[in-house]
Structures are given as structure tokens and as C-alpha cells.
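Here is how the chains run, residue by residue.
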Amino acid sequence: MNNVFVYIEIEDKEIADVSLELLTKGRELANTLGVKLEAVVIGKDIKGVAPELAKYGADTVWVADNEIFAPFRTLPHTAVMVGLIKQEKPQIALFGATPVGRDFAPRVSSALHSGLTADCTELVIGDHKDAKTGTEYSNLLYQIRPAFGGNIIATIVNPECRPQMATVREGVMRKEALATPAKGEIREIDWKAMVSDADLAVRIIDRHIEERKINIKGASVIVAGGYGVGSKEGFKLVHELAEVLGGEVGASRAAVDAGFTEHERQIGQTGVTVRPKLYIACGISGQIQHTAGMDGSAMIVSINTDPEAPINNIADYAIIGSVEEVIPKMIKYYKQNSK
Amino acid sequence: MEKVTKIVVMAKQVPDTRNVGKDAMTPEGTVNRAALAAIFNPEDLNALELALQMKDRIGSATVHVLTMGPQRAADIIREAMFRGADGGYLLSGKEFAGSDTLATSYALSCALRKINPDIIVAGRQAIDGDTAQVGPQVAEKLNLPQVTYAEELVEIKEGEATIKRRLERGSETVVTPLPAVITVNSSAKECRPRNAKRVMKYKYALATSELATASDKAKNFIEERPYLHIVEFAAADVNPDASQLGLSGSPTKVKKIENVVLQAKESKTLTAEDKDIEALMQELIASHTLG
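First to last, the protein sequences are chains A and B.
For the first sequence, the positions run 1 to 339 when our numbering is used.
For the second sequence, the positions run 1001 to 1291 when our numbering is used.
Just so you know, not all the hints are guaranteed correct.
What the hints assert, rightly or not - Now the stretches of chain B that chain A is said to cover, found in silico as 3 or more residues with beta-carbon under 8 Å:
{"id": "1", "region": "1054 to 1068"}
{"id": "2", "region": "1087 to 1096"}
{"id": "3", "region": "1140 to 1148"}
Said to hold, decoys possible - Each computed DSBU-like pair below joins lysine-lysine, with the alpha-carbon atoms no more than 35 Å apart:
{"id": "4", "chain 1": "B", "residue 1": "Lys1114", "chain 2": "A", "residue 2": "Lys232"}
{"id": "5", "chain 1": "A", "residue 1": "Lys236", "chain 2": "B", "residue 2": "Lys1268"}
{"id": "6", "chain 1": "A", "residue 1": "Lys213", "chain 2": "A", "residue 2": "Lys192"}
Calculated from the structure, these hints are not laboratory results.
Don't be surprised by glycine CBs; every beta carbon is placed ideally from N, CA and C.
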């Protein structure tokens, strides 16, 4: 009772990274609150994931395992989650801000009349005093998120309704396996009592999954281009540098909107969050919507003609110069000095 | 008589968050909408297009826009009429102020119960919050199935729609019974533009509260042309449980709002000269940041 729930998303029998990231954060929250961390897995042939979830801190692994749950459909997932939350009364329930989480978490919150905060970038336990009534609350979940195109950071609380629900985007939190795994005790969800025939009314008649072509999330070196790169042709230089350094190419929203490169490469609040060893920002001004997705990089190098560009404030090295001039030199001196 | 399929598009007038000034937030942390340009939420236009495609295919159907907001939100209903909608409903009143997504979806679901549509379409999310919650929350409140991330209308027939929807990597096609709530992705077809004849026909359309302050001439004009009357619901018109509306009906509260300040790091400025670039590359290699 009153534990912390994390919904575990399974894609192609693999646990989604965001779910492990949420377990790591959930473990920290559960420790602060002195409660258990419970993972909820809904799918088909999924019991094998329990040891992995235990490694990331799950004390309990709730399982609803049946073919009706895969591929994901909104209504059966909602029915199981709502049923289990009513039964177990967790104080916190976390979901990945993936298309799946963003599809059914709002429905769960609506059914339970419980607040839901989307796309949180930080979750912390803290106290709260209601300014109007003076009522004091202890140990609430602070749900912290950028709002208004990233121009402000809002802290949201959910004083009265339970569970306190939040979604978090993939890559925003760190995942970290425990030295000693948690118990990971499997418990069966009594899903047959929760799912009705009406919940199966939507039918999937065709499904087509594309291979993931671009993997900027896992890259240790990222060379990212912005609007300042100037053109699709200019992006070839960015690609060249990435290839020589063994890295991936990223982009700012402005560069993607201008059609310089693919949407899959977009880094930032509305794209992917990355934290590579080295981030080279080429012609990127450094608007908050971009930096929100990369300021955790271990080292940041910026190339910009404008000495006043905001990106230079967070860069370890700010090269004042044009992309066309600087990138060929970087390639040249990297080749000369490596090995 | 042939049955007329009633399609309702939930749409929102949003502040243009791509252009945010200092006075955009009130001290209470809510949005100061008056300080920002108001636009038709982009994905709601994709939703309108999908609804109009449904109407094109069904033939005997109507498309109405439902929006919750202040009086000026009637602008997006007129805009939708210029592009092909038959009319709209404005849900307006101070009771709705301060609503979070759950209170918003409750209010909309009360209005939808009154309208009783056969199909509900909405944009996936609004650019002022990016939450994508209201569509699914409305569907739950009305106990209807939902199809999110819709990209293409494949087929529509009596009691059933076939829709292609976007997945994280790929797409799937689903068949949903109707009524249902369908939320439309920005990758769906762009909305058709204004039609000059429709602009001429609908430019004098007014919502009830706008009509109240209009000239007698305008009142008479609209009285003779009921299709120019945008239906306006006050809170009491949709029979809500008042405790579930507005700020008091919102489980989430804004505790704190902070402006974003970039933390300046110890930053070294380099020139584009060869010696600077060579020294940098040597250091990146020596520190094993590279290689």
C-alpha cells in the first residue's frame, strides 16, 4: 500500500530504456518515502523480465500476461492499470512519455480522477503549504517540467488526489543498476476481473515497425548542426566531422524545421535528450528548447560566429568562427594527432 | 429520412508560444493570454481536415467545432467555418478558469454529452501545454474507445472507422467502433485552406455573447440566417458537477514558476585559427574524450 508504481513498457520483448530510467528514479523516491518500488508489466510472454527489473530496484513485479495485451491497445491496458491502482493504492505512479504512455496514462488519470503531469524533467519529494487554505502537506511529489516552449520551469503538485501521476521522456533521467538487486517478487494481476469484452472492441488489422536507423541516444560523440549551418549542403560537413570522430549527427529544431536534416536527429525538449562524452554544437544559438536536451553532456564545444550566442555560456570551449572554416580544420588536426 | 452523422472537432485557441514575451505569465503562474497572439492550435487544424474528409466520404454528415475559452475563442470557430465546418459551440464562463487537463476534459465531456455526436476528433496536443492528455481524458469520461496519433482515414462506414495511426517507429491500422475519440497527429494531412465563398457566407457568424452586444442590424441579419449563430454554452447549460470545474476541480496545482536562466560555465573562448583548433583536438584526444 502507498508504494511507488512504475509502468514497464516492453517493445519487441525488450524493456524500454525509459522504464529502467524510471525504476532508478522510482527507487530513489521510494527510499526517501520509506516505501516499496513496484513495477507493473502488461503484455505477452513477459515474465522473464523480472530479474532485470529487480536489478533496477523493483521490489515487486506485477504481471498481466496474455495475448490480448500485445500489441498494445488502450482499453485493456487502461482497465488493468486502473484495476491494480484501485486494489493497491500506490501514492505515486510513473509512466514513460512514449506514444504508449501518453496514450493510456491520461485515461488512467481520468478514470481515477487523479492529476497527471506530462513530460517531467525532474521528480523530487518535498513539502507544500496551500497558499489559500494554509493546509500543510508533507512528502508530496514535486513534478517539475518546462512549460511555454521551455521559457519557464513549473513545479506542479497534486496535494489531494492519489496516485500522483507523471510521465517522463526517454533519456531525461539516468538508469543505474543496483549493486545488489531488489527482490523482484512476481505477483499475478487478477486481470480477468478487470478487463471486459467491451475493452477489446478496437482491432489492430495491420502493423508495420521500421528499423531504428539513427541512434543518437547511444552515441558517445555527437556533432549537432543548427540553423547557422545554413543549408542541406552545409550539413554534409557536419556529417563528415561526425564520421571522422566516430560519432552521430544531431540537429536543433530550427535546422530540422528548415529541412536541413531528418526529424529523427532532433535534440532538445521536443526531440531526444542526450548526454554524450562530447557534444559539438555547430551553428546552434542555444535556445533553451535545444539546451534542455543536451546540457548534461560531459564536454560541450560550440562553433559559432556570434560571440554572444547563448550556447557559449554552457560550452566548455567556444570557438568563434564559421562552421565552414572550423570543421575542416578539426578534421585535419584530428587525423594528424590521432594514433 | 437519412441519418445525419454528427462529427465534432475539439479545438483550442492557443497563445503562440513560439513568441513569448516577459509579460506572458501572471504572478499566480497562470498564462496571461492577453499578452500573446492567439492562433488556431496547429494539430486541431489537422483534426478539422480529418473530420472534413469523413464528411466528404459519408456525404450526409455535419462538422462542428467545440472549443472552451473566452469570447474571442469564437474566432477559431469562424476560421473553421471558412475552411468547411458547418458551425460550432463555444463553452465559456469564469467557472472554467484555471482548469488543468482533467477539469478541462470534464467540462468538454459535459458539453459533448449535450451535443451527443457520433464521432469526436481532436488534435493530438496543444502547443501551449504539449500534454496530449485532454483527448484520452475526454474519451474515458464518455466511456468511448480512442485512437491517438491518427494519421490517415482509411475507411469510414456505419458504426465503424478504419484509421492508420503513427507508432514510435512505424504505423498500425486499427478498426474502431463508433462513437470514438480520435486524436490527430501533425503528420496527418494539412487542413484545406479557406474557401472564398465560405468566407463571404460565414464572416458575420457570431456567438451568443457577441450577438448580445451587436447592432440591431446585425441581430436581425443573424436571426434571418440561423446558420450564422455560433451556439454558446455557459457552465450551467451543460449540467456539470460544479466541484469538478476550474481551479477547484483541478487535482494538479502550480506550486512554483521559475524563469529559465542558463548557468554560465567556466568557458574558454577559442579563435578559428589553426593553432587554437590543433590545441583543442590534441586535448580532446589526450583526455580520451575522443578516440
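Right, here's what the structure says about each hint:
{"no.": "1", "hint": "1054 to 1068", "in the structure": "violated (count 0)"}
{"no.": "2", "hint": "1087 to 1096", "in the structure": "violated (count 0)"}
{"no.": "3", "hint": "1140 to 1148", "in the structure": "holds (count 6)"}
{"no.": "4", "hint": "B/Lys1114 <-> A/Lys232", "in the structure": "violated, 52 Å"}
{"no.": "5", "hint": "A/Lys236 <-> B/Lys1268", "in the structure": "holds, 27 Å"}
{"no.": "6", "hint": "A/Lys213 <-> A/Lys192", "in the structure": "violated, 39 Å"}
Hints 1, 2, 4 and 6, counting from the list given before, are not met by this structure.
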